[in-house]
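Residue numbers (the numbering used here), protein chains in the order written: chain A, 1 to 72; chain B, 73 to 278.
Honestly, I wouldn't trust all of these hints.
Unchecked claim - Computed footprint of chain B on chain A; a stretch qualifies when at least three of its residues, placed anywhere within it, have a C-beta under 8 Å from a C-beta of chain B:
no., region
1, 2–11
2, 29–38
Said to hold, decoys possible - Derived EDC-like pairs (lysine to aspartate or glutamate); straight-line CA-CA distance at most 20 Å:
no., chain 1, residue 1, chain 2, residue 2
3, A, Lys-45, B, Glu-148
4, B, Lys-219, A, Asp-44
5, A, Lys-34, B, Glu-200
6, B, Lys-96, B, Glu-120
7, B, Lys-245, A, Asp-44
8, B, Lys-209, B, Glu-100
9, B, Lys-187, A, Asp-61
10, A, Lys-42, B, Asp-115
11, A, Lys-42, B, Asp-142
12, B, Lys-242, A, Glu-49
13, A, Lys-34, B, Glu-120
14, A, Lys-30, B, Asp-142
15, B, Lys-187, B, Asp-157
16, A, Lys-50, B, Glu-148
17, A, Lys-50, B, Asp-142
In short, the hints are calculated from the structure, not lab data. A virtual CB, placed ideally from N, CA and C, is assigned to each residue, including glycine.
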Amino acid sequence: MRTFFIAAAALALAACHEIPQDAQKPYAGKEDTKAYAGDMFKGDKMAYEKALDQRAQYQNDYAPFREAGKSQ
Amino acid sequence: MARMKFICDAERCIECNGCATACKNEHEVPWGVNRRRLVTINDGVPGERSISVACMHCTDAPCMAVCPVDCFYRTEDSIVLHDKDLCIGCGYCFYACPFGAPQFPQAGAFGLRGKMDKCTFCAGGPEENHSVEEFRKYGRNRIAEGKLPACAEMCSTKALIAGDSAVIAKIYKTRVTTRGKGEALWGWKMAYGGSEKVSDNLGGKA
Numbered sequence: 001m002r003t004f005f006i007a008a009a010a011l012a013l014a015a016c017h018e019i020p021q022d023a024q025k026p027y028a029g030k031e032d033t034k035a036y037a038g039d040m041f042k043g044d045k046m047a048y049e050k051a052l053d054q055r056a057q058y059q060n061d062y063a064p065f066r067e068a069g070k071s072q
Numbered sequence: 073m074a075r076m077k078f079i080c081d082a083e084r085c086i087e088c089n090g091c092a093t094a095c096k097n098e099h100e101v102p103w104g105v106n107r108r109r110l111v112t113i114n115d116g117v118p119g120e121r122s123i124s125v126a127c128m129h130c131t132d133a134p135c136m137a138v139c140p141v142d143c144f145y146r147t148e149d150s151i152v153l154h155d156k157d158l159c160i161g162c163g164y165c166f167y168a169c170p171f172g173a174p175q176f177p178q179a180g181a182f183g184l185r186g187k188m189d190k191c192t193f194c195a196g197g198p199e200e201n202h203s204v205e206e207f208r209k210y211g212r213n214r215i216a217e218g219k220l221p222a223c224a225e226m227c228s229t230k231a232l233i234a235g236d237s238a239v240i241a242k243i244y245k246t247r248v249t250t251r252g253k254g255e256a257l258w259g260w261k262m263a264y265g266g267s268e269k270v271s272d273n274l275g276g277k278a
């Protein structure tokens, strides 16, 4: 019975991941440098993602900082 | 992991071509190549709608699937880029792309086609970031500067939004709910006009 439940749980959880949708074709070109690898972020991916997310908020007319009349 | 996308809000786009101009200026795109363009539906008819179209950086990119030399790759941010040193200008990607994003400069006499050029989401290409070679082949790398694509940032009505899909979807959702259309925004009627029932429309199935 225990084995059955473990097998059922494993089978159910098997669907809980993202399957790559494109055919796994090899990229034959040159390796690109990471966007956050330069002087700006010095390899800090978290800082890079945070900067882009904050920047995206400038496109939001209803951002809290706009309502408060602040320039952020 | 971010998944970079564009959204164009047809309710806000005023067909000013500011995005196309910003793109041309930012990357010094040659004559005849349009990385971004405006498409107007029902042009001249009351209620016409315009949207700004470029490479949509598809999650399952058809250009990538058909390329015979495998020059396409996807960055960590899901931006679809290609290596121009490898591209042979065959045009398969142009036929595969549902948005008409791949562009081909006329490289010489007799209609000779050059290497493919397309929107890079202002992320450059497979060259050293901010190098002269990167700018010459792919244009400016704004993403590495912590900036978003020039087209979206220049949009005067903020119709074109760019960024991580989760972030921009939230911005768009806030906008449409504030606009007050609520549930009505998502139906058949909003998208195509006419009846809400699919079966009442031409080509619709019951």
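- Pairwise hint evaluation, Glu-120/B against Lys-34/A, where the allowed Cα distance is 20 Å at most: 41 Å, violated
- Query: Does the alpha-carbon distance linking Lys-209/B and Glu-100/B stay inside the 20 Å limit?
  - Reply: With Cα atoms ~10 Å apart, Lys-209/B and Glu-100/B stay inside 20 Å; holds.
- Is the hinted pair Lys-34/A and Glu-200/B satisfied, with a Cα-Cα distance of at most 20 Å? Since the Cα atoms of Lys-34/A and Glu-200/B sit roughly 9 Å apart, the hinted pair holds (cutoff 20 Å).
- Does the structure keep Lys-219/B and Asp-44/A at a Cα separation of 20 Å or less? Satisfied, since the Cα-Cα distance of roughly 15 Å is no more than 20 Å.
- Item | Given coverage of the region 29–38 of chain A by chain B, checked by CB-CB distance under 8 Å (3 or more) | n = 10 at 8 Å, threshold three: holds.
- Item | Distance restraint between Lys-50/A and Glu-148/B, which requires alpha-carbon spacing of 20 Å or less | 15 Å, holds
- Verdict on chain B covering the region 2–11 of chain A, where coverage means 3 or more residues with a C-beta closer than 8 Å: violated (count 0)
- Task: Would you mind confirming whether the straight-line C-alpha gap from Lys-42/A to Asp-142/B stays at or under 20 Å?
- Result: Since the Cα atoms of Lys-42/A and Asp-142/B sit roughly 30 Å apart, the hinted pair is violated (cutoff 20 Å).
- Message: Need the status of pair Lys-96/B, Glu-120/B: alpha-carbon distance at most 20 Å?
- Response: 25 Å, violated
- Query: Is Lys-242/B within 20 Å of Glu-49/A, Cα to Cα?
  - Reply: 16 Å, holds
- Hinted pair Lys-187/B and Asp-61/A, Cα distance within 20 Å: Cα-Cα ~39 Å, so violated.
- Query: Are the Cα atoms of Lys-42/A and Asp-115/B separated by 20 Å or less?
  - Reply: 48 Å, violated
In the structure shown, a violation is registered for the earlier hints numbered 1, 6, 7, 9, 10, 11, 13 and 17, in ascending order.
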